[in-house]
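Chain by chain, the residues run as shown.
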Amino acid sequence: MLHSKTFNKKTRGGRIQKLVREVYLRDDIYCGALFCKSCEDKSKARLTATASTILILDTNVVLNQIDLLENPAVEDVVLLSVVLQEVKNKNSAVYGRIRNLIDSPARRFVVFSNEFHRDTYVQTMAGESPNDRNDRAIRVAARWYQSHLGEAVKVLLITNDRENKRKATEEGVSAETIESYVKSLGQPALLDLLVQPASEDVIMEEVEDMRPSKRKVVYPEHKPMSEITSGLTKGIYHQGKLRVNRYNPFEAYVGSESIGDEIVIYGRGNMNRAFDGDVVAVELLPQDQWHEEKSLSIVDEEDEEEDVHLVPGSSDDAPRTSIPVSSSTFDTNPVSSRPSGHVVGIIKRNWHSYCGSLEPMPMPAGSGGLVYALFVSKDRRIPKIRIQTRQLDNLLDKRIIVAVDSWDRQSRHPSGHYVRSIGQIGDRDTETELVLIENDIDARPFSAQVLACLPPLPWSVSPKDLNESNRVDLRHLCVFSVDPPGCKDIDDALHCTMLPTGNFEVGVHIADVTNFVHPGTPLDDEATQRGTSVYLVERRIDMLPKPLTEDICSLRADVERLAFSVIWEMTPEADIISTKYTKSVIKSRAALSYVEAQARMDDSRLVDPVTKDLRNMNALAKIMRQRRIQRGALTLASAEVKFQIDTETHDPLDIGMYQIREANQMVEEFMLAANVSVAEKILKEFPECSLLRRHPTPTKEMLGPLLRTAAAVGLNLDVTSSKALADSLDRAVGDDPYFNKLIRIMATRCMTQAVYFCSGELSPPEFLHYGLAAPLYTHFTSPIRRYADVIVHRLLAASIGIYKLPTIFRDRPQLTSIADNLNYRHRNAQMASRGSVELHTLIYFRNRPTDTEARIVKMRSNGFIVFVPKFGIEGPVYLTMRGDKGGGEWFVDEQQQKIRKMDGSVSYSILQAVKIHLEVLEPKPNRPKLQLTLL
Amino acid sequence: MEFVNPEGLRLDGRRPMEMRQLRAQIGAVAKADGSAVFEMGNTKVIAAVYGPREVQNRSQQINDQALVRCEYSMANFSTGDRRRKPKGDSTNIACENAIFGCTNHWFMFVMCFVMANESIRRRSTEISLVIRQTMEECILTNLMPRSQIDIYVQVLQADGGTRSACINAATLALADAGIPMRDLVTSCSAGFLNSTPLLDLNYVEDSAGGPDVTVGILPKLDKVTLLQMDAKLPIDTFENVMQLAVEGCKAIANYIREVSFAREYQTAGVSTWLVVHKKGIRAHIQAPTLAWLLLDFQLSSHHLKLVAYTGVATS
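Sequences listed follow chains G and C, in order.
First residue of the first sequence? That's 1 in UniProt numbering, and the numbers climb one at a time after it.
First residue of the second sequence? That's 1 in UniProt numbering, and the numbers climb one at a time after it.
Since the hints were derived computationally from the structure, they do not count as laboratory data.
Treat the hints loosely; a few may be bogus.
Claimed, not checked - Straight-line distance between alpha carbons at most 25 angstroms, and here's what the computed DSS-like set of lysine-lysine pairs gives:
#, chain 1, residue 1, chain 2, residue 2
1, G, K804, C, K232
2, G, K684, C, K232
3, G, K580, G, K612
What the hints assert, rightly or not - Partial selection, computed: residues in chain G whose CB lies under 10 angstroms from chain C:
#, residue
4, L25
5, V111
6, R380
Keep in mind the model is a prediction, meaning the values are calculated, not measured.
Every residue, glycine too, gets a C-beta built ideally from N, C-alpha and C.
Assemble the whole structure, with the sequences as input and the hints as a guide.
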């Protein structure tokens, strides 16, 4: 080992400061080639003996061509630490991806810490810029590799920097650009993956010549960074993350802290090339330009239109509604009170890769040549992306992934490059995979390390488990479970015994997942990452490996299983006298489905113990539910649908609303009670680091659309508190039997979703769960499919003193980041489920044009949005033909939420029932869509 | 921030369990009875020992043992641009004078300045105390009643781990002064960043805000004389980190022993000397050092084998 020292100068806060740092140069850094004779340590070596060429990449290659590097055609790559450092500083997303490649055992990528190697360390020379120094370091390392490995292999420096390439060649290092290297591989498909150089380059200019109409400047220039920073400090510009309206890609919002409100941005011109998620600088428009641009029309610029989609479950996935223009009289100035602005610069890009398909286009003459195609993302918030491809005929009917490279002022569309194709459009597997990719869901099988953490199978309760002092033997109790039919991951079971005193002992038994998933193991890390199981229509993506979810942890009938139990003593009036928490061993007597449980309770001839217990529990649950509703819990409704799936083809056979029975409500009631009890216990013990779940009170604006609809049908809703809202929802009964449900569905849609949080981050009043009207709530009852419950199990075990609290709970920022990840995963899982249902709805209607009844839920200038209760979908119905934009034939009355024909002959009002026709059409080849037409 | 990269290298190229380069020089101050310069990487500390000598302030004299005093300071230039003013009454007085003649704006500024100064002085006092207590533990004070030993340490260059470097320098200087000791005291720090225990933190790692465990041990007696940490750490992790710091202390002890042997070898042949075999190295030891070496060898006779001696240690 060799020691040496270096001297750097650095500026910080404007001052020039001399900093001295030591650098220890080593001789124990190895080249990573398996065939190398001089390096002893081969534990991290990956480069194979068969490799004829070893690639050393320059920073710009890694930064720009990461999609190419991820392709298995590129192997035997050496990444120098100087390159990795530069990549990390410039783009952390690319850095993460390159690290994944390095860690992947399937790939042959090695890291060479050239900065700490005795022979490859270079000191900055006088007058040398950091960039030049790094380039030189790369060349020195390349030369070292060549001399170290000898003549047997060729070491090739890949750089797109002309100067660097020239110098390398001069110094005797073979160097090539990435384009010429890929060409030499002889795989033309790889060329599509190459990122095209920015538009100043020659290649693009040829293109522009071909399409002279695109030559003009489309977008205003972005302000230079220095101007943005000074503008931000002066308060002229406002910084924030741009969020594009999911249902109208021409409208975006920037949440700005500096003005404490959201700035609305209308139109692509004002968005000025910003993507969803970019951090942008915005300048406010003069107040007289704060108008509502086209927000009332269904059809937007170009040819984008609203699709038929599932009914949103909460305000998070519902379309954003702007504050209405009160324009019943003509002299009121239609200026909204919301500030609107335009983007002047982009501070941080949020570009990643997007899934979608190419816009159908005619095949150009002489196929196989280079063509430009427009890519349409499945995510409507993303503009069309122009890509270059040599395999157009191959890609036209495929779902593909495309990454964005640049967007210059002259171009209407951003330019990007093809990454990979997923499969045929419309194919169920392809579309399902698309749903998963879009929602960032990891559906890969579990790795060997994760599976190694599982206990050996077949597993059964061992005497050791029984003798554990903290575990109570509850096998004698009559425990049973009630779940949806066909449920394999049973994580909760119940029991209810009458005590001699006349009170009841009620127990909720939850699968003891933490007995098998220990903190710090690969299994636990994987579960933390996945966060939740994802339920798609035809498959389930588990959070934990199958042996755990379906066997070891699942509380199946007639087998002994480990559980974590919450046991209450309750009076017949359902008052809790005492609560006990304990780990236990149980043996379930019956695994019932909701239907079975309901049938047993209803069948008065049955008097077996399980049925009796069921009836007792149901009686208790009814009281508890009543009490909860009195406290102000909302009974919300959702339009969940259920498919019957063909077991052979996995195609949907039938579709219908999910029916909720008393048995569902009974189980739900006890689960809620268990969650509340556990939340109280862990918060008492760990006030700073408990994981709880809260549901924020909806704001006035969020309830706006509900109130307007209600007002239009002459209903007065009181939204001052959840109690008031619950009461007025109860009173909302019309002549129409479905009316109440419809109002409830609309109310549900106004709420945000509940979120997990770390108790130390917020003050106790904010812990409130609005929907349940509970001051404290957490998730404890489904540890098999939700990671939050696993954390809560650990907290509860620690609070009753049987296990030590894992160290991570002491680290509040880390706990918060886990909670954030859980919220993200949870939301994605829901979006994926919705996506899957939407997909199956489409497949279902493909061969079944249907007539059905629908409800009008929203008015538009040229039609309205209807909700189809039977199938839980929502979509636009056009009154006018597309193209002749309304033509003034129809008139919308905002106040009464009505749309009228000008001559007054026909009118439609909100919540009115209409007959519609559902049919899958293919307006363009390979782009099937569900169309709703009025009958 | 990433303090250990996935290749297992720290920011300066060390691995987690590696120490910075150690360097030591004995006898840097001619006038002192014993002195040493000790370097751990870019941290450089000088120590000078005076004594045992007559107690200057009679009221402090202790009848059955020696009085140990210690003064720690940082050189003005030790931190480069980091404005860390050392204790100094003259600057304080200047500041206080300035307060009276200034506008409000300046007043605030000067107040901050004074407060900063105050906290630095508190830090010096604390470190002085820590060093004194650590050294008192190993000096055989009862052999030198009614006398005084002064230890002065000054940081010449600070780059993390100053506390440990000061203790190591003081040990060397005490040995150089021939003051009888139970054992060497050596000190080393260890931290815990990116879920990895790291030995001997430098300034960058130290300012990361993670836990910094400073340990001082008597290596042969296997006793801990100093243990400091100003952060929270789970107990099992703490044990690992502390164990690592102890290993570091032992490595430093080996180094210090080698340095003093080499030094005695250079100055050998004075009046009375010893010939000692240590792991095959033949070394001659000068008489003043004999006192502590004798003890050292008694405690670990399997390491050190006394071959012959021609005189008795006197001091």
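Item to check | Unsatisfied constraints (hint numbers, rising) | outcome: Going through the list in order, the structure violates hint 6 alone and respects the others.
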